[in-house]
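Q: Each chain, letter by letter, is given below.
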Amino acid sequence: MEHIGGITVSDGIAVGVAVIVGSVERDTPELQVARARVPKEIERFDLAVREVAADIEELRERTKATLGGDAGSIINTYLMFLQDEVSILRPIRTLISEGRWEAASAVVRRFRDLMEELRGLPEPLPSRIPDLLDIQRRLVDKLQGVEAASLTGKLPKNCVIIADDLTPTQTATLDRQRVIGFATAHGGPASHTAILARHLGIPALIGLGSGLGRVAAGTPVIVDGFHQRLVVGPTTPMVRNAKARLRRLKDRALRDVGAARTRDGTTFELFVNIDSDESIKSLNSLGIAGVGLHRTEYLYLGRDHTPGEEEQTAHYTRILKAMSPKPVVIRTMDFGSDKWDPRIHSLREPNPALGLRSLRLSFAYGEIFTTQLRALLRASVHGNAHILFPMVSDAEEFARARACLAEAATGLRAEGVKFREDVPAGAMLELPVTALVGESLFAAADFISIGSNDLIQYTLAVDRTNRDVADLFIPHHPGVLKLLHMAAETARRLSKPITVCGEMAGMGLYTPVLLGLGLTRLSMAPSRVRDVVDEARRCDDATCRVLARAMLEAPGPEASGRILRAHHESFRRPTRRG
Amino acid sequence: MTPPDATATVVLKNEQGLHARPSALIVKTANSEPFKAVSVTLRVGTREADCKSIMEVMMLASPRGTELVFEARGSGAALAVQALVQLVDAGFGE
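Going line by line, the protein sequences match chains A and B.
Residue 1 is where the first sequence starts when you use the numbering used here, and the numbers rise one by one after that.
Residue 1001 is where the second sequence starts when you use the numbering used here, and the numbers rise one by one after that.
Source of the hints: derived by calculation from the structure; they are not laboratory data.
Each hint should be verified, as a subset may be incorrect.
In silico SDA-like links for lysine to any residue, alpha-carbon gap of 25 angstroms or less [as the list claims (entries may be wrong)]:
#	chain 1	residue 1	chain 2	residue 2
1	A	LYS418	A	THR317
2	B	LYS1028	A	LYS496
3	A	LYS482	A	VAL546
4	B	LYS1028	A	PRO124
5	B	LYS1028	A	LYS418
6	B	LYS1036	B	GLU1015
7	A	LYS496	A	ARG545
8	B	LYS1028	A	ARG90
9	B	LYS1036	A	ASN76
10	A	LYS482	A	ARG413
11	B	LYS1028	A	ASN76
12	B	LYS1028	A	GLU61
13	B	LYS1036	A	PRO91
14	B	LYS1028	A	GLU30
15	B	LYS1028	A	GLU58
16	B	LYS1013	B	SER1032
17	B	LYS1028	A	MET115
18	B	LYS1013	B	ALA1061
19	A	LYS243	A	GLN228
20	B	LYS1028	A	ALA53
21	B	LYS1028	A	ARG545
22	B	LYS1013	A	PRO124
23	B	LYS1028	B	ASP1050
24	B	LYS1028	A	LEU118
25	B	LYS1036	B	ASP1089
26	B	LYS1013	A	PRO126
27	B	LYS1028	A	PRO122
This is chain B alone, in the form it adopts within the complex (with noise of 0.2 angstroms):
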């Protein structure tokens, strides 16, 4: 695969870790119009999950701590990481 155009690495610091709500929400953004074109890998350890699959962001069954990487690629991939690095940042509102 080709190298991601954008990257970023942030730590998952609300309570219950990566369950339903939160992983709605990273798909949410993932889907978005702004997005559309984004393709975006979220990397926990050696796992990965498409951020736009809701099933397999919820698979990786990240817990509080875990560091998590978005890898984006194609036009718009810096806005894309960094949308998503603001809602882990911001515990997902939670």
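Looking at chain A on its own, in the form it has when it is part of the complex (with noise of 0.2 angstroms):
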């Protein structure tokens, strides 16, 4: 029996088999090999050479078929690279034959010496090192063998998936029915793998590292989301015991919440984040003021093209309708950093969570981000639909995105297309740039909805999926209160709503303290629903406030939670998480 401790991105507990997809870590080659060898490298070079083209070509019918040409003649380019005797495929053979290099190693030496050589040119030349470097991981990848196994072949029942990150494709063919747990090397909560499993309902766990590596397939695995642990060969008492629990939450789960109040009965309003249609029916009956945040990505995602106008309309009319009258705030897509369809976005970014991302990724595929948007205000007509944009950063860049929303709104007039003229459009605050510039946003927005997990990471630097840094990623730390109460305090004087729809809204731990900053509207997975209740009614908002306002004048974020601790202490419970 052995634990490996990962970071929860679903939560909930799996008991089964473990099925191993693709290999788990690895490290970029620096080897040598005999001369005898030396045919054989050159051969295997080749045939990745000819197996990466055919990819690529691949990829570029259909990029053609959803973005039209333009996107077609970008990935010629690449091809162009791959057919180049003279500097790239000449050379490489070189390095085998004369340096004796394998080939995945002879591969990273030349295209390192061609990149720091554009790197040394004017612009746009080195724009073209992401193209360079993307055809390097294919080649290296073909050369490791490092091809995923498939996951459309016939699954064992009760299967937990195994990888070190599921790809886009992969969770698209992935056989639903069998899969009941996620455990990952890498990957961030926002990656396929933790969207998808958000989406079914099951547990996954990422950022299990390179012990994940010595998990065989077939052994039986609990996963843990609660413990934040994969545990690898159980006994039967733990098996016994996990089985017991799973029984006790789906029992749970199914209850209507009751009001979302106080001790003191202060209500607070509770909505639920919700990626797909599929769970809808089952929300009405759990008490809650609407949908706080429905994330569109799943709808592009692990798809065979884009969705269209009408697919999406139809998609967002089952939502609104199912919802109605209750309010549902659908976020427009926020692809980019570690979430990324690679119809859309197929080059790798050196630093992605900096860089075309989110909104601004929206901006510069405007077609799809105008497919969307007519979409929304299409199925406006059949609910309470508020259209969200994602890591709005000022007032300015809402202004961009709301000229977006009126030049598909005068589309549709013109075409004599019924949408709602008012639907409230509002921003999603995830950068500590946007708190600080609040005043002016929130003026201009009709609504601002807090991404906690984004805005963490921003302020503090950290990205909770690297462990070596992951026991930094502190919600409660008093730079992100600040901020926090920030935002809070500006929506409050200019009367606009606003909602927390991060984790941290759904962890019972810091019920009290965004209760005691003001932010009395929160957003999360519906499994979390009610445990936030029963949290919320052991306090009152007097305490509440005190809480908060002491974390706030914290030195640091050990003071912060000790003062937390000491909180939840006072009602004799253990802290745990969420």
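Make the complex out of the two chains shown on their own, each in a separate frame, by following the hints.
A: And the structure:
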């Protein structure tokens, strides 16, 4: 029996068997080979080039169909690199035959030189470096045989997927009936694995690291989302115990949570975050105020086509109708960083969290953005739709997003298509800068949503999926709380509704803090609703405010953490995750 | 090297110079079926690039206003040079 610690991105418990997908963890090679091996290495290299070219051609055809000829021509440039005898293919063969480098090592060496040369040239030439990096990665992957095992084949029942990370294609082709949990070495909270897991309502752990490489296929495992660990080869009592907890969880989740109010009767509003329209029916019985965040990435990810206007309109309409008259906040596509669709965003960036992501990416791919906005407007007549733009930095960027929406509206009006003229448009606060210049932005927006996950990441400069720094991802850091407080105050002054919809909102541990900061609209995964309601019932308004004030004034995260623990212990209740 | 069978000089006039897309168009033309047997060199000052290599053409990093000299060898050399000059003259359709 062994425990491997990770980070929970979708909670719950799963008891099943391990299915290994692809290999886990590998290094960039620096290997040399014997002279006799040289012809074989050259042969492997030539084969890899042909296979990567075929993959790229396939990608080109798909891109052409969805993005039009222009994107296709960018990919043609890609293919030319793979046909470049003089600067790429021949020098690599020479590195193999004369330097006796193993094929993948030779590829890495040649590309390193080429990228170095490009770096020294005037713009826009250095901007081709990501293309070269991508081609290099594809070649090395081919040469190392790191093509993930097919998931389309027959999976065993109750399988727990163990992988480095899943690609969009893999998430799409997965036999969902048989998968009951995920455990990955890498991946982010917004990665495909995480989104899919939450969408299916099954537990997922990420960031398990290289320890995952030791798990053999077919081993019994328990994914324990509550204790953030994977149990490999559990004992019989552990399995029995886990199954009992699983049953209790299922019973509890189905009951109505009742009114969301604190001990002294202060009411607050609970919303849910959803990724798809599948679970919408069961939500209505939960007694929630509405959908606080519908992420739309799932519509695009792992599909064989970019969803068109009709398909999207039908999808939004289903959700709006099911929830009507309750509000549904639909966030426009939020790609980039760790969430990307190869058809929309195929190039790897050196620093994606600070790159072309989210709303910036939507602006760059205006046509796809417009399609979504048109679909949202068309669906708006069927319910209480709210449109939310992700990662807005300031009022000017918000105005630009609004202008896109207005343009979509003008188009529909000209075509005589019905839509609601007064659909509220909101901004997502995920960057420290947004809180700092909140005054003008909040005045322009109809509502504000706080994405606490990114806000914490950007405030503390911590990637919580990076094991080396994950313990620095501290939601109760006084600096984070100050930004939340600032946002809450600005919203109150301008009478704008403000909702917290990151993971922090669904963690009972933080419920009294958020309420104390004046954040009384919380949106969370459906599975978290009961915990938050239970927690709030222990609180009263005054205590929450004192708690928040004390934490805001704490000199650092350790001190604010101590204050928070003391608060929870005063209820004779151990602090626990969410 | 033997003297070229055909040669022509043309001035680069598109805004961003010889960046990735124009370079790709040159390589595409030089590599196209009718010119398979033609070898084309692009000369800029003292530097030169094989027109069948996208990296080499790109690495010339030629800005707008640069004088490009195409030199072709082999059967079909004149037509290849003509096609490339037309491409540059048309500003690569930009």
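Q: State for each hint whether it applies.
A: Verification of the hints:
1. A:LYS418 - A:THR317: 13 angstroms, holds
2. B:LYS1028 - A:LYS496: Roughly 56 angstroms separates the two Cα atoms, so the pair is violated.
3. A:LYS482 - A:VAL546: Answer holds: A:LYS482 to A:VAL546 is near 15 angstroms, not above 25 angstroms.
4. B:LYS1028 - A:PRO124: OK: B:LYS1028 and A:PRO124 at ~20 angstroms, within 25 angstroms.
5. B:LYS1028 - A:LYS418: Violated. B:LYS1028 to A:LYS418 sits at ~47 angstroms, over the 25 angstroms cutoff.
6. B:LYS1036 - B:GLU1015: Outside the cut-off at roughly 30 angstroms; violated.
7. A:LYS496 - A:ARG545: Between A:LYS496 and A:ARG545 the Cα gap is close to 20 angstroms, so the pair holds against 25 angstroms.
8. B:LYS1028 - A:ARG90: 19 angstroms, holds
9. B:LYS1036 - A:ASN76: 18 angstroms, holds
10. A:LYS482 - A:ARG413: Measuring from Cα to Cα gives roughly 43 angstroms; hence the hint is violated.
11. B:LYS1028 - A:ASN76: 9 angstroms, holds
12. B:LYS1028 - A:GLU61: Holds, at about 18 angstroms.
13. B:LYS1036 - A:PRO91: Between B:LYS1036 and A:PRO91 the Cα gap is close to 21 angstroms, so the pair holds against 25 angstroms.
14. B:LYS1028 - A:GLU30: This hinted pair is violated, its Cα atoms lying about 34 angstroms apart.
15. B:LYS1028 - A:GLU58: Status holds; Cα separation ~19 angstroms.
16. B:LYS1013 - B:SER1032: 24 angstroms, holds
17. B:LYS1028 - A:MET115: 22 angstroms, holds
18. B:LYS1013 - B:ALA1061: Holds. B:LYS1013 to B:ALA1061 sits at ~14 angstroms (cutoff 25 angstroms).
19. A:LYS243 - A:GLN228: Within the cut-off at roughly 17 angstroms; holds.
20. B:LYS1028 - A:ALA53: At roughly 16 angstroms apart (the allowed maximum being 25 angstroms), A:ALA53 and B:LYS1028 satisfy the hint.
21. B:LYS1028 - A:ARG545: 68 angstroms, violated
22. B:LYS1013 - A:PRO124: 16 angstroms, holds
23. B:LYS1028 - B:ASP1050: 12 angstroms, holds
24. B:LYS1028 - A:LEU118: Answer holds: B:LYS1028 to A:LEU118 is near 21 angstroms, not above 25 angstroms.
25. B:LYS1036 - B:ASP1089: 23 angstroms, holds
26. B:LYS1013 - A:PRO126: Given pair B:LYS1013, A:PRO126 holds - Cα atoms ~21 angstroms apart, limit 25 angstroms.
27. B:LYS1028 - A:PRO122: Distance of about 23 angstroms is within 25 angstroms: holds.
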